[in-house]
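A.B. asks: Listed below, chain by chain, are the residues.
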Amino acid sequence: MPFSAARAAAAALLAAVIAALVVVPLVSLARIAAGAGPAGIWRALSGPGSRVAIGHTVAVAATVTVLAVAAGTALALAIEGRPGPSRLGPRLLIAGPLVIPEFVLGFAWSQAYGPAGLSDRLAGVSLPGLFGPAGIVAVLTVYGLPLAYLAVTAGLAARADPALERAARSAGASRLTVLRTITLPLLRVPLLGAAALVFVTAAGSFAVPEVLGTPAGFAMLPTLVYNDLSLSAAPAAFTELTVLALALVLLVLLALGPLDVWLARLRPSARPDTPLAADRRGTAADRVVTVIVWAYAVVAAGIPMLTLVLTALTRGPGLAPVPANWTLANFAAGFSGGGGVALLRSAGLALAAAIAAPLLGAAVAGLARGRWRGPLATVVTLAYAIPGSALAVGIIIGYGRWLDGSVTIIGLAYVAKFWVFGHRPVQAALDRLPPGLTRAARLSGAGPATAVRTVLLPPVTVAMVTAAGLVFVLAFHELTMSTILYGPGTETFAVVIMNSEDLGGVGATAALAVVLTAPVVLVACAAALVPRISTFSERSLARPPGPPPARPADGGPWFP
Amino acid sequence: MRIYRALVPTVPLLLAAALAACGSSSSTAGTAPPPRLTLYTSVTQGTVSAVMAGFAKLEPNVKVTVFRATTGQLNARIAADKHSGGLRADVIWGTDPLSMQSYAQQGLFRAWPLPDLAGVPAQDKTTYFWGTRELYLVIVARKGLTPMPKTWADLASPAYRGKVAIPDPAAAGSAFAALGYFDTAPGFGLDFYHRLKANGAVQVSTVPEVVTDVAQGRYAVGITLDSEVRAALKQGSPVVLDWPADGAISLYSPIAETVTAKGADGAAAQALLRYVLSAPGQTLIGKTGYQPVLPGIAGPARPAGSTEVYPAWTTLFGRQDQVLAQYQAIFGV
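Quick mapping for you: the protein sequence lines, in order, are chains A and B.
Residue 453 in this note's numbering sits at position 453 of the first sequence, and the numbers go up by one each step.
Residue 136 in this note's numbering sits at position 136 of the second sequence, and the numbers go up by one each step.
Just chain A, same shape as in the assembly (with noise of 0.2 Å):
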């Protein structure tokens, strides 16, 4: 296809959006931090509570990564091998925490397993530490681990080759050996890349860190950046934050810079069309890990949601969650400061991220091509990797002047970071598609509208729906950067939550908590169930038919 003018204005006119939405904000934060100076950069960095905060940062996020890609990676394996009907169940357990607000999970954690929790009143038994580090870890790993199951599943589906670790047996090599030999070298692109997502998620998470860390004096440096903003009355204090807040995305991108060089020099290898597992039965080994992948999902998530609709329905704190203690006074009260409004406005702004990001992304997937498609791409990936809190300070500073306190400033971060799932799927979708397909469709007598409308709208359209669903829960549920740009009348829904939760009301905050985490768990279960659309889930893990996609991603091999 010629590279026409108008498809190079298109283009450049997509970079600029990219350049508004990305770039801008990340040279405001530049542009404040250089003020301060070399001498000024140094204190801000140097100072007891940055250091600490950088290392607490660092130290969370790699125990995390490591913990969330092993267990991931030992559960996929041990799941995906099995026979495809009995895959579901585990999935769904295991992908369960993705649709539960990070904040929420933390909450419930700290009711179900905190000092005097749950377990506490039932059988003395709390978890030790779950106010401090250990607490941090053990709820973004519960969080981060579905992100690396999926990525190693996608690249099972994808690369692994049951007929060489076959071959590999049979020829007298142990179980672990094939592991160690075939299994994992050809996952090393997929475990990469779930890597770097945890590491992200992990390195960036707010909410967690401050309702489990903040308690105990634990400060990451989402956290520091949030707290600095509310002593930043001094120019000093504020200059000191944007330093913070750019030393964050430095130290991501120092993370994923020799990943993605790593992965950029890993060949793409793309597994012959045999079967993803043979078709064997269930064996005793099976029925072992179903029995720990339920344990593990009653233990993550089953017992804090348990304890969330528990503490929502108790009159007061202390009290036991008894029938005879229960009431729906706690939603009443919840709702009592407009949270009504915020549930609505909530709703508006996800939807309006919904339907914007899979836009921008099937521009940026149908226009970026030739030599336009690696740098748009990689840009847009790389705006989820810049962690929350930074990207909202550097959006106040670059748009705040006329966005400030508004819904319009909320929506554009949300669109900046969620882009990305708006640009992957389709990305993906087109990349399945044969090369040729739509000339072929020419050729046969179909008209240029006939060709686009029976070649490339439905697998795109089914692709724009699955980003739109997924942004939508992502915006839904956003904190990080909602709590910072939010302002007076523009409440998002999970900054009430927060607000709740600072104000001590446990009973009001785990209200609210259900309100936000049931519809999207409901949702969740019921596409789950309906048997048509698992077994589209099904499908879709599978390469579909047609030569391999010529690499595993532009811009973003990292990204699943």
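The set of hints was computed from the structure by calculation and includes no laboratory data.
Be aware that a few hints might be false.
[Stated by the list, open to error] Here chain A is said to cover these stretches of chain B; the calculated rule only asks that three of the stretch's residues, wherever they fall, bring their Cβ under 8 Å from a Cβ of chain A:
no., stretch
1, 216-228
2, 278-292
[Stated by the list, open to error] Pair by pair, the computed Cβ-Cβ distance ranges are:
no., chain 1, residue 1, chain 2, residue 2, range
3, A, 288, B, 161, 51 to 59 Å
4, B, 60, A, 340, 15 to 23 Å
5, A, 121, B, 267, 52 to 60 Å
6, A, 298, B, 158, 54 to 62 Å
7, A, 527, B, 143, 26 to 34 Å
8, A, 122, B, 194, 31 to 39 Å
9, A, 402, B, 304, 40 to 48 Å
10, A, 55, B, 303, 46 to 54 Å
11, A, 86, B, 143, 22 to 30 Å
[Claimed, not checked] One side of the interface only, derived from the structure: several residues of chain B facing chain A at Cβ under 10 Å:
no., residue
12, 35
13, 38
14, 76
Glycine is no exception: its CB is placed at the ideal position from the N, C-alpha and C atoms.
Given the coordinates of chain A, work out where chain B should sit on it, guided by the hints.
C.D. replies: Using the frame of chain A, we list chain B on its own:
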């Protein structure tokens, strides 16, 4: 691929339309806009809701937007405003005089515009802000705790090692006032916080959270507001209001007009100040669990023989950042 070329120009339009759909309504052309009033406040939701409902009846034409958050979040909002075009609040109704004095030092307030209003005690007035209600910091204890702490100093005794919760002065204005009192009170000073820390006291976020944590049994005692303990008792929570024998720490919750308020909006701002300090406004404050600042208007009942102590506000004014930094060196941020 042509379809995408067609889609691209529609993207900004769709985005703008979708965002506008969930934004606030636009003003109607051709009519004078009603006065608009933006209130930033850290006052408890129940009190703000009641007072603003009363004000709405009195001034139905004023379009009011309330931004309510903890003192720490209020500071963050004000900082964000200052770095993006200026303060957007017309009135700030805070929890404590120290935070309000910080705002005054930043030049955010107009000099108090209604000097003729009567009844507010002289010690609750400054050049820029006046008190609206009295708050009392007390000890909250878990029901059945023995021995009960009798004085503030008891909180640092070994009997409560690892069992004391204190609110964060950076997040909660009333906790900032407690810090201010202990900083200047004879026999305490910041050494009191050193002793608390050495005794395993834990900093939580806000004063209501202290009550929640004590009610849940996470801690045995804590420093909080009497109003919060009463609210928990009303819900049936297993806590006790423990009024210290050496006196509850009294602070006033000030209100001020900002330099942003101008013209009709400024008049609306002053109408709000007048209403909050009127008998009807003060009665609503009393009904929502706080002691009104005007004498003769009923607040919640206090234990017989209870006394109060006052932070040395004028000594503390100007030293807020220094005191907070010294505290944070002990308890962290």
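A.B. asks: Please go over all the hints and tell whether each is borne out by the structure.
C.D. replies: Tested hints:
1. 216-228: holds (count 4)
2. 278-292: Since 0 is below three, the answer is violated.
3. 288(A) x 161(B): 51 to 59 Å: Check failed, 45 Å falls outside 51 to 59 Å.
4. 60(B) x 340(A): 15 to 23 Å: Roughly 22 Å apart at Cβ, these two residues keep to the hinted range, so it holds.
5. 121(A) x 267(B): 52 to 60 Å: holds (55 Å)
6. 298(A) x 158(B): 54 to 62 Å: violated (40 Å)
7. 527(A) x 143(B): 26 to 34 Å: violated (47 Å)
8. 122(A) x 194(B): 31 to 39 Å: holds (38 Å)
9. 402(A) x 304(B): 40 to 48 Å: violated (58 Å)
10. 55(A) x 303(B): 46 to 54 Å: holds (48 Å)
11. 86(A) x 143(B): 22 to 30 Å: violated (51 Å)
12. 35: Residue 35(B) check fails; min Cβ-Cβ to chain A is 15 Å, beyond 10 Å.
13. 38: Hint holds; residue 38(B) Cβ to chain A Cβ min 5 Å, cut 10 Å.
14. 76: This hint holds: residue 76(B) lies near chain A, its Cβ roughly 4 Å from the closest one there, short of 10 Å.
The earlier numbered hints that this structure contradicts are 2, 3, 6, 7, 9, 11, 12.
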